[in-house]
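Q: In terms of mature numbering (1 follows the signal peptide of the UniProt record, and there is no 0), the sequence shown is residues -18 to -1, 1 to 87.
FYI, nobody ran anything at the bench for these hints, they're computed from the structure.
Please note: incorrect hints may appear among the correct ones.
Using 27 Å as the maximum straight-line C-alpha spacing, the simulated DSS-like pairs for lysine-lysine come out as follows [claimed, not checked]:
1) K15 / K5
2) K14 / K24
3) K18 / K5
Derived CB-CB ranges, DEER-like [said to hold, decoys possible]:
4) M21 / F(-15): 38 to 44 Å
5) D41 / E10: 50 to 56 Å
6) D75 / D42: 44 to 50 Å
7) E10 / E48: 38 to 44 Å
We treat Cβ as the ideally placed atom computed from N, Cα and C, and that holds for glycine.
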Amino acid sequence: MNTFWVLVVVSALAVVSCNDGAKDPELEAVQKKLQKLDMIEKFIAVISSVVKKSEQSRDDCLGYGEECYMISGPNCCGFSNWCNYHDEYIPGDANNPPRYVNRCR
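Sequences and hints are given; from them, build the entire structure.
A: Put into structure tokens, the structure is as follows:
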């Protein structure tokens, strides 16, 4: 058991005393990529928080699949919920003509 602890201490000292590890070009390249990815992650977090705030602030938003209107009336809200023009075809009968319905998709 004592040999295990001796090996742990020796390996820790070897890691601490290694001075040229930070000068490795591969490690520097990986560190730069990680910094770029961290920056991208922060941008995405800011954008998603802005989108969530804008979606929550409106009370007249329609849900997915509800009938919407392109210009007037309540409309679809959200980043991925849009009003699809002529989304659903309703065939006519003896009393009603055929028509298209706009839906939030």
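Q: Each hint: holds or not?
A: Consistency of the hints with the structure:
Straight-line distance between C-alpha atoms of K15 and K5 comes to about 16 Å, which keeps the hinted pair within the 27 Å bound. Restraint check for K14 and K24: the C-alpha separation of about 15 Å stays at or below 27 Å, so the hint holds. Distance restraint check for K18 and K5: the Cα-Cα separation of roughly 19 Å lies within the 27 Å cut-off, and the hinted pair is therefore satisfied. Separated by about 42 Å at the C-beta atoms, M21 and F(-15) satisfy the suggested range of 38 to 44 Å.
The given range of 50 to 56 Å is respected by D41 and E10, whose C-beta atoms sit roughly 51 Å from each other. Evaluation of the 44 to 50 Å hint for D75 and D42 yields a failure: the beta carbon distance comes to about 32 Å. Range check, E10 to E48: about 53 Å between beta-carbon atoms, so the 38 to 44 Å window is missed.
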